[in-house]
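Number of protein chains: 2
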Amino acid sequence: MRDVARRAGVSLSTVSRVMRGVPGVSPAVRERVQNAADALSYVVSRNASGLVTGRTCRVAVVVPFLQPWFFGSVLAGISDGLREADLDMLLYQVGDLRGQRGWSRTLPLRRNSDAVITVSMDLSAQECDRLDDVDVPLVLTGQHVPGRAGVSIDDVEGAAKATRHLLNLGHTRVAYIGSRGGAWLSLSSRSRLAGYRAAMAEAGLPEWSVLCSPGDEGGELAMGELLSGHHPPTAVLAEFDAIAVSAHRTLRRSGIPVPGAISLMGFDNHETAAALDLTTVDQSPRAIGAAAAALTVEILHGAAPPDRYVEMPTQLILRQSTSAPRRTEGLS
Amino acid sequence: MRDVARRAGVSLSTVSRVMRGVPGVSPAVRERVQNAADALSYVVSRNASGLVTGRTCRVAVVVPFLQPWFFGSVLAGISDGLREADLDMLLYQVGDLRGQRGWSRTLPLRRNSDAVITVSMDLSAQECDRLDDVDVPLVLTGQHVPGRAGVSIDDVEGAAKATRHLLNLGHTRVAYIGSRGGAWLSLSSRSRLAGYRAAMAEAGLPEWSVLCSPGDEGGELAMGELLSGHHPPTAVLAEFDAIAVSAHRTLRRSGIPVPGAISLMGFDNHETAAALDLTTVDQSPRAIGAAAAALTVEILHGAAPPDRYVEMPTQLILRQSTSAPRRTEGLS
Chain D
1 MRDVARRAGV
11 SLSTVSRVMR
21 GVPGVSPAVR
31 ERVQNAADAL
41 SYVVSRNASG
51 LVTGRTCRVA
61 VVVPFLQPWF
71 FGSVLAGISD
81 GLREADLDML
91 LYQVGDLRGQ
101 RGWSRTLPLR
111 RNSDAVITVS
121 MDLSAQECDR
131 LDDVDVPLVL
141 TGQHVPGRAG
151 VSIDDVEGAA
161 KATRHLLNLG
171 HTRVAYIGSR
181 GGAWLSLSSR
191 SRLAGYRAAM
201 AEAGLPEWSV
211 LCSPGDEGGE
221 LAMGELLSGH
231 HPPTAVLAEF
241 DAIAVSAHRT
251 LRRSGIPVPG
261 AISLMGFDNH
271 ETAAALDLTT
281 VDQSPRAIGA
291 AAAALTVEIL
301 HGAAPPDRYV
311 EMPTQLILRQ
321 STSAPRRTEG
331 LS
Chain W
1 MRDVARRAGV
11 SLSTVSRVMR
21 GVPGVSPAVR
31 ERVQNAADAL
41 SYVVSRNASG
51 LVTGRTCRVA
61 VVVPFLQPWF
71 FGSVLAGISD
81 GLREADLDML
91 LYQVGDLRGQ
101 RGWSRTLPLR
111 RNSDAVITVS
121 MDLSAQECDR
131 LDDVDVPLVL
141 TGQHVPGRAG
151 VSIDDVEGAA
161 KATRHLLNLG
171 HTRVAYIGSR
181 GGAWLSLSSR
191 SRLAGYRAAM
201 AEAGLPEWSV
211 LCSPGDEGGE
221 LAMGELLSGH
231 HPPTAVLAEF
241 DAIAVSAHRT
251 LRRSGIPVPG
261 AISLMGFDNH
271 ETAAALDLTT
281 VDQSPRAIGA
291 AAAALTVEIL
301 HGAAPPDRYV
311 EMPTQLILRQ
321 STSAPRRTEG
331 LS
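Note that the protein sequences, when read in sequence, are chains D and W.
Following this note's numbering, the residues of the first sequence are numbered contiguously, the last one being 332.
Following this note's numbering, the residues of the second sequence are numbered contiguously, the last one being 332.
Keep in mind the hints are simulated off the structure, nothing from the lab.
A few of these clues could be false.
To give an idea of the chain W side of the interface with chain D (calculated C-beta under 10 Å), a few residues [claimed, not checked]:
#1 Gln34
#2 Pro108
#3 Leu251
#4 Arg252
Derived list of chain D stretches under chain W, where covered just means 3 residues or more per stretch with a C-beta under 8 Å from a C-beta of chain W [to be verified]:
#5 67 to 73
#6 78 to 88
The beta-carbon is built from N, C-alpha and C at its ideal position, and this holds for glycine as well.
Pulled out of the complex, with its shape left as it was, chain D reads as follows (with noise of 0.2 Å):
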């Protein structure tokens, strides 16, 4: 690196924060900086960093699965704040793994990163401690344990906040479909019925909620259901997207208006529910990866305590599917 930087005639920080493609240095010197690296056939070398540093410069990131757009996002948001600290981010999917009893000892976790991310995992206070072994910093994200550093959302407030928007259009008949199973998914399951149920409490009204398996045929069976009751409701609030997105498939076939006769919203802001206009609450899955590595390299910097957490905001986006409900009864 020194014969790069007195080829280009620059500082050695300044060689540095070209090769690992940090912004700030002029397009000039970018120029003059890689054409001496060129010349020399300079690459830079993460082993070489390590054994100065003592550190591995990589961080886990464990996730439950990567199919999912939610976690691919997230992981767009981690991946870019890692690179803004020059640390390489090691990827663990451990779907299958979890019903293992000890699965996160199989994770080559020790002495091969220098702290561990996890993604909407919702761990166990035993799965934690186990990553505590590791001995590096853990930072959930998706998830909310006191006393442990982690950025999420409030679901709680997120799903209130829903449900008020259903019921200051004017709704009264408002229902809830939820999740069953899906181990993974169960905190933050449990965290937005909660808000929808204190929502509908407030306003003294009877809360109205059904279950339905997971899988993409779980909410057709669900608003088949809540069409089934003696008085159907005028809203209908999912726990996420992809609820709302069955359920709409139901009331199409149905040929009921949305939202003529049913307004219909989810949670997530999922690209399909763009596509089909539906209300839901953003929570920006990017920005809590963003936040989760900023907070990872503040605690491995000394420069945030080692048990912060940190709080997203919720957005309600309103799209064409909720609206005040109709004056007469009737669903069509």
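Got chain D; can you put chain W on it based on the hints?
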């Protein structure tokens, strides 16, 4: 590890299998090994095994973006495959780095990974050569460069197949909406357009393609353009599902029945396509990822030549957005 094996009364390789989470060990034996490991506080160390093999036991995966669903699915497949081979995944999202000259040198790949897998990076020959400097095997997914290892679908044939589906239904005015710009997609963009053109030429019918700008409104505007022609098409193939979803919005707002007046189909089998009952072409990104991981492991073990190319099949998914054209003219 020897102590764990002795305490549990099993072979060293059994302990290794349990620790790495590899299947094929009975629950009873797994339990015994874990109890022994618990008692001895044994945690597998990646570094220790690296010292023995002289390898990093890491594969670097380079993606342009993490947010689009496609990448999460490919990564899920790669993750499964690498874990099976006891390799860690280092993940680099380089979307906004691509503009910089020599971006690949800013990644700490050298002496940090045993192989590099790229996902839909649409690399130039020069970029490939630069990655060769890392001096480890390179496996490309989502693009085929002759003489290089890779896993991809045949985009030309996939689009031709989709076009033939519409032609076989009896459509003669079949239009195509492609994407303009979006550098990282341009290779598959060109291939899909070529497939559409080939199928139309084979049928002796005139082609009719419009290119839409990137972003959520691209398909909407392109569909508007098609609808304002002298003889609007009776069927439209979109280059990928997101364009079809956007185009679908224009049709919905205009009250034009799908597939009654216009058949519409996409490409990719995005989950939104399922939500909208959209006919599409499935390319199984998870299977692409799994195949890429398997190929990487084979190349590392010398079991496959370093330039093996694997072509993955595509599958037409028939849903409710395509049907035979109506006998009468007119859009509603």
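Checked hints:
Hint status for glutamine 34(W): holds, given a least beta-carbon distance of 5 Å to chain D, under 10 Å. A distance limit of 10 Å between C-beta atoms decides the matter here; for proline 108(W) the minimum to chain D is near 4 Å, and the interface restraint holds. A least Cβ separation of about 13 Å between leucine 251(W) and chain D goes past the 10 Å threshold, and the interface hint is therefore violated. The beta carbon of arginine 252(W) comes within 9 Å of a beta carbon in chain D, closer than 10 Å, and the hint placing it at the interface holds.
Evaluation of the coverage hint for the region 67 to 73 of chain D: fulfilled, as 6 residues show C-beta separations to chain W shorter than 8 Å, against a requirement of three. Residue count for the region 78 to 88 of chain D with a Cβ under 8 Å from a Cβ of chain W: 4. That meets the three needed, and the coverage hint holds.
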